Amino acid sequence: MGIKGHLNDTVHVTNLEWFVNWARKSSMWPLGFGLACCALEMIAAFVSRYDLARFGMEVARPSPRHADLMIVSGTASKKMLPAILRIYEQMAEPRWVIAMGACACTGGIYKNYAVVQGIDRHLPVDVYIPGCPPRPEALLDGILQLHTKVMKEQSISNPRITNIKVASR
Amino acid sequence: MNQEEIKEKLLSEFGTDIIQDSVDFRDQISVTVSKEKILDVCRYLKEDPELSFNFLSFVAAVDRLPKTPRFEVVYQVHSLKHNHRFRVKALLDETAEMSASIDSVVPMWPTADWHERETAEMFGITFNNHPDPRKLLLPDGWTVHPLRKDFSLYGTEEDTPDLPA
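These protein sequence lines map, in sequence, to chains A and B.
Start counting the first sequence at 1; every next residue gets the next number (this note's numbering).
Start counting the second sequence at 170; every next residue gets the next number (this note's numbering).
Next comes chain A alone, as it looks inside the complex (with noise of 0.2 Å):
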């Protein structure tokens, strides 16, 4: 019967950090959440047509305490920028940042007063998905990117420790 009768009946050996990268990159929550238009090709990677759920990643959850992962999907304004690092600082260890499209990566075509010229000015960004908006595949693509990176890393030997400055308000 189910999980039983693929082991066979015998014991199963494996690398515990593999173990752990891999459950991990295959049950990686991302948080509900966007800033601009990138935020449609977000959606539109969730639902039927892409499917983000072949992933395992079809929860997004509301709440930044149950999610690995944040995509910040557009463009962050400073005035939306302290709300942005708050909820970043509201998600459990271990968690992951997409900058996705030009604006969220670089500021793409806001080069003015009001936009954050690049999230990874104050997040620490995994992987960056250039595009204006990037298509829902561009998307897929740069979540298969972090789930290799995931498996690369050093989960119980060398964990990661993400912690930035503190918003102040």
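Do not take every clue at face value.
[As the list claims (entries may be wrong)] So, partial list: chain A residues that the calculated Cβ filter (under 8 Å) puts toward chain B:
1) R24
2) K79
3) H122
[As the list claims (entries may be wrong)] Below, computed lysine-lysine pairings styled on DSS-like, alpha-carbon distance capped at 25 Å:
4) K318/B to K78/A
5) K236/B to K204/B
6) K304/B to K78/A
7) K79/A to K304/B
8) K79/A to K318/B
9) K304/B to K111/A
10) K250/B to K215/B
11) K111/A to K318/B
12) K236/B to K178/B
[What the hints assert, rightly or not] Label-pair ranges, simulated between beta-carbon atoms:
13) D301/B to D51/A: 43 to 49 Å
14) L40/A to P235/B: 39 to 45 Å
15) D301/B to E137/A: 45 to 51 Å
16) P124/A to A265/B: 52 to 58 Å
17) L234/B to V59/A: 52 to 58 Å
18) D141/A to Q197/B: 47 to 53 Å
19) D196/B to Q145/A: 55 to 61 Å
These are computed hints drawn from the structure, not numbers from a lab.
Note that the structure is predicted; figures quoted are calculated from it, not measured.
Positions of the beta carbon are idealized from the N, C-alpha and C atoms, including for glycine.
With chain A's structure known, arrange chain B on it following the hints.
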């Protein structure tokens, strides 16, 4: 009433001392009124039964640098009753000691609240007797006025920091 009739009505009520100027551009007339009398003009626009401009479409401002007076506050009003529209402007200037200021029209049209807050922070114009004179869109700590002509689009680390200090 058409634009010309509204203008004539305003002129006959207030005279050329208060209705200082008018411009006709593509059948849209805008009048410039003296800034001290803006509340009286707005009250008349709203309360006169033939005009009854009961809806304020927007309040905005124009920075006319290097002309003087430097600022122009624009009021676009609409009558839902008669379905006619009109535009009123007032010219204001700022001196080294005094910021540009004009009376708030919130007593007439409550919708002016947010429009005036945005105009105030973007141009540095003070709206006297505004009920809630906080910033609307910009972070609270900023002291710059981004829609002024002499503001650099990119801002600076000191004036427009990413995070509040």
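TODO: Measure nothing beyond the straight line between the CA atoms of K318/B and K78/A; if it is 25 Å or shorter, mark the hint as holding.
DONE: Between K318/B and K78/A the Cα gap is close to 21 Å, so the pair holds against 25 Å.
Task: K79/A paired with K318/B [C-alpha distance capped at 25 Å] - done: holds (22 Å)
Open item on the list: Looking only at beta-carbon atoms, does the pair P124/A, A265/B fall within the given range of 52 to 58 Å?
Closed with: violated (47 Å)
Task: Holds or violated: K250/B to K215/B, with C-alpha atoms at most 25 Å apart - done: holds (11 Å)
- [ ] Would you check the hint for K79/A and K304/B, treating anything up to 25 Å between C-alpha atoms as holding?
- [x] holds (12 Å)
Open item on the list: Holds or violated: the 47 to 53 Å window for the beta-carbon distance between D141/A and Q197/B?
Closed with: Given a distance of about 52 Å, which is inside 47 to 53 Å, the answer is holds.
Open item on the list: Hint validation: H122/A versus chain B, beta carbon distance must be below 8 Å. Holds or violated?
Closed with: holds (7 Å)
TODO: Take a quick look at whether K304/B and K111/A sit within 25 Å of each other, Cα to Cα.
DONE: holds (23 Å)
Open item on the list: Taking the Cβ atom of L40/A and the Cβ atom of P235/B, is their distance within the range 39 to 45 Å?
Closed with: Between L40/A and P235/B, where Cβ atoms are some 43 Å apart, the hint holds.
Open item on the list: Let's test the interface hint: is any C-beta of chain B closer than 8 Å to that of R24/A?
Closed with: At about 30 Å, which exceeds the 8 Å cut-off, the nearest Cβ of chain B leaves the hint on R24/A violated.
Open item on the list: Hint K79/A vs chain B: min CB-CB distance below 8 Å?
Closed with: holds (5 Å)
TODO: For the range 45 to 51 Å, tell me whether the beta carbons of D301/B and E137/A fit it or not.
DONE: For E137/A against D301/B, whose Cβ atoms are near 47 Å apart, the range 45 to 51 Å holds.
Of the numbered hints given earlier, the model fails hints 1, 12 and 16; all others are met.
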